[in-house]
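S.K.: Protein chains in written order, with our numbering: chain A, 1 to 178; chain B, 1 to 203.
Each hint should be verified, as a subset may be incorrect.
List of simulated lysine to any residue pairs, SDA-like, C-alpha gap at most 25 Å [as the list claims (entries may be wrong)]: (1) B:K148 - A:I151; (2) B:K148 - A:R110; (3) A:K161 - B:I182; (4) B:K148 - A:Y95; (5) B:K152 - A:M141; (6) A:K161 - A:V92; (7) A:K156 - B:M149; (8) A:K109 - B:D196; (9) B:K148 - B:M114; (10) B:K197 - A:K161; (11) B:K148 - A:L19; (12) B:K57 - A:K156; (13) A:K156 - B:M47; (14) B:K148 - A:V38; (15) B:K148 - B:K34; (16) B:K34 - A:I87; (17) A:K109 - B:V110; (18) B:K152 - B:A126; (19) A:K156 - B:H49; (20) B:K152 - A:A150; (21) A:K109 - B:R119; (22) B:K148 - A:I10; (23) B:K152 - A:D105; (24) B:K148 - A:I87; (25) B:K57 - A:Y95; (26) A:K161 - B:A144; (27) B:K148 - A:Q101; (28) B:K57 - B:L25; (29) A:K109 - B:I182; (30) A:K161 - A:I151; (31) B:K197 - A:W100.
Hints are computed from structural coordinates only; laboratory data are not their basis.
Only a predicted model underlies this, so the values are computations on that prediction, with no experimental measurement involved.
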Amino acid sequence: MDDNRLLGLILVFAPLSILSFGGGQAIIADMQHQTVDVWGWLSANQFSDLFAISRAAPGPSTLIAALIGYQIAGIWGSIIATLAIYIPSSIVVYYATSWWQNHPDSRLKRSFERGLGPVAIGLLFAGALAIIESGPITLLMLVNLALCTAILYFTKFSPYKLVGTVALVFLGLNLVGF
Amino acid sequence: MSATKGQSQPEPDHHAPPQLETPSLWQLMMAFLKIGVTSFGGASRPMMHRESVEANKWLSDRDFIAGFALAQVLPGANPVNLALYVGLRARGVPGAAIAVLGMVLPAFCVILLMGYAYRELIAYPATHFVLAGVAGAGVAATLATGAKMATKLDRNWMTAIIALAVFIAVGVLHISMTPVVIVAIPASLAAAWVTDKGARDGR
């Protein structure tokens, strides 16, 4: 049973690794789809919780893989998921680095730099929608989302400080009976 | 710091200027563990630049900038890709493995502790409530990044259509990502190829 879960983690995260253009944000939507709908390892609520933890934690956002792996298959799950999310993309980076250094400035290279952008942006917003849908959609949550987005877009306020502030505010709201 | 090592000869490297140094694997490990521990807060790029270009001369400024661009374009987390690139340039494949390990290990340990705390605290209703708020802040970070990135894209119909089509297919229609990108990436690369400005100047 546990072996099946470890194998499943590899099958989910290794392909996502190759597709993680722009980092973890681009693959969040599919990660949710796979772990919640396809494999049924997590509820939508749990996925939303793990996403929140990964955003509050240090390190790259792809480390959500370690968190999901730990949640469904313990320590080994977290190790296997982390290897699965880093090794395939690292192999691509390894070969691309060698190729890149031998081709100084080419039309193909510029096309890659410009052409991946729109796909990454589309995926990124799809990921944002997946998380919004998996959490409770109340007026409070929408106000929180709008305020945080405005603060991060228009000011240089650190995302980590914002996460900490929001956690404290919500803890306070919970204490007064929200 | 580099001057005190005096006579130690760097390995011959035809691409690099002669003043570059070759670190031991141990030095690489220590440097990247330090970066991994202190970059809590997302400031890993300036830390990596300091360690690999300024404090130690493992690669040139130009190489570092090229690696930074590469790390962004390729799949994978940008700081992890950049660590791999620096390790690879400094000490080949073992260097790359050690740099990535040093970069990821501290954050991995912290996230495991948080995962453990989550298991213990999930019985309390407040946990889910607070995390829903934090998830909102996390989504806000994604939206703000996306909005900033979108302003840097080319302003043409093709770019907008591709970004919108990918969003609708994956986000709204819940189609699996793999078939979507297998169609969208070649289409987007072709559009970028056709509209490439440098090609007109013969580059």
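S.K.: State for each hint whether it applies.
M.R.: Cross-check of the supplied hints:
Only pairs whose Cα atoms come within 25 Å are accepted, and K148 of chain B paired with I151 of chain A is accepted, the gap being roughly 13 Å. A hinted pair counts as satisfied when its Cα atoms are at most 25 Å apart, and K148 of chain B with R110 of chain A qualifies at roughly 20 Å. Of the supplied pair hints, the one linking K161 of chain A and I182 of chain B is violated, its CA atoms being roughly 38 Å apart against a limit of 25 Å. For the hint pairing K148 of chain B with Y95 of chain A, the CA-to-CA distance comes to about 30 Å; that exceeds 25 Å, so the pair is violated.
For the given pair, K152 of chain B sits about 29 Å from M141 of chain A by alpha-carbon distance, which is inconsistent with the 25 Å threshold. Among the hinted pairs, K161 of chain A with V92 of chain A is inconsistent with the structure: their alpha-carbon atoms are about 34 Å apart, more than 25 Å. About 16 Å separates the Cα atoms of K156 of chain A and M149 of chain B, which keeps this hinted pair within 25 Å; it holds. The straight-line distance between the Cα atoms of K109 of chain A and D196 of chain B is roughly 10 Å, inside the 25 Å bound, and the hint therefore holds.
With a CA separation close to 30 Å, the supplied pair K148 of chain B and M114 of chain B exceeds the 25 Å bound. Under the criterion of a C-alpha separation no larger than 25 Å, the hint pairing K197 of chain B with K161 of chain A is inconsistent with the structure, at around 41 Å. Among the hinted pairs, K148 of chain B with L19 of chain A is consistent with the structure: their alpha-carbon atoms are about 21 Å apart, no more than 25 Å. For a cut-off of 25 Å, the pair hint linking K57 of chain B to K156 of chain A is broken: about 32 Å separates their Cα positions.
In summary, the hint linking K156 of chain A to M47 of chain B is supported, as the alpha carbons are separated by about 19 Å, within the 25 Å threshold. For the hint linking K148 of chain B to V38 of chain A, the alpha-carbon distance of about 32 Å lies beyond 25 Å, and the restraint is violated. For the proposed pair K148 of chain B and K34 of chain B, the alpha carbon gap of about 30 Å is over 25 Å, so the pair is violated. Restraint check for K34 of chain B and I87 of chain A: the C-alpha separation of about 22 Å stays at or below 25 Å, so the hint holds.
A C-alpha spacing of about 37 Å is found between K109 of chain A and V110 of chain B, which places the hinted pair above 25 Å, so the restraint is violated. Distance hint between K152 of chain B and A126 of chain B is unfulfilled; the C-alpha atoms sit about 40 Å from each other, more than 25 Å. Pair hint K156 of chain A plus H49 of chain B holds up; C-alpha atoms about 22 Å apart against a cutoff of 25 Å. Pair hint K152 of chain B plus A150 of chain A holds up; C-alpha atoms about 19 Å apart against a cutoff of 25 Å.
Restraint check for K109 of chain A and R119 of chain B: not satisfied, since their Cα atoms lie roughly 46 Å apart, outside the 25 Å limit. Pair hint K148 of chain B plus I10 of chain A does not hold up; C-alpha atoms about 33 Å apart against a cutoff of 25 Å. This hinted pair checks out: K152 of chain B and D105 of chain A have alpha carbons roughly 20 Å apart, not beyond 25 Å. Distance hint between K148 of chain B and I87 of chain A is unfulfilled; the C-alpha atoms sit about 29 Å from each other, more than 25 Å.
Distance hint between K57 of chain B and Y95 of chain A is fulfilled; the C-alpha atoms sit about 24 Å from each other, no more than 25 Å. Restraint check for K161 of chain A and A144 of chain B: satisfied, since their Cα atoms lie roughly 15 Å apart, inside the 25 Å limit. Proposed proximity of K148 of chain B and Q101 of chain A is contradicted: the alpha carbons are some 29 Å apart, above 25 Å. Taken as a hint, the K57 of chain B and L25 of chain B pair is honoured in the structure, with Cα atoms around 15 Å apart against an allowance of 25 Å.
Simply put, K109 of chain A and I182 of chain B have alpha-carbon atoms about 19 Å apart, close enough for the 25 Å limit, and the pair holds. This hinted pair checks out: K161 of chain A and I151 of chain A have alpha carbons roughly 11 Å apart, not beyond 25 Å. The hinted pair formed by K197 of chain B and W100 of chain A meets the criterion: a straight-line CA distance of about 20 Å does not exceed 25 Å.
Violated hints, in rising order: 3, 4, 5, 6, 9, 10, 12, 14, 15, 17, 18, 21, 22, 24, 27; the structure is consistent with all others.
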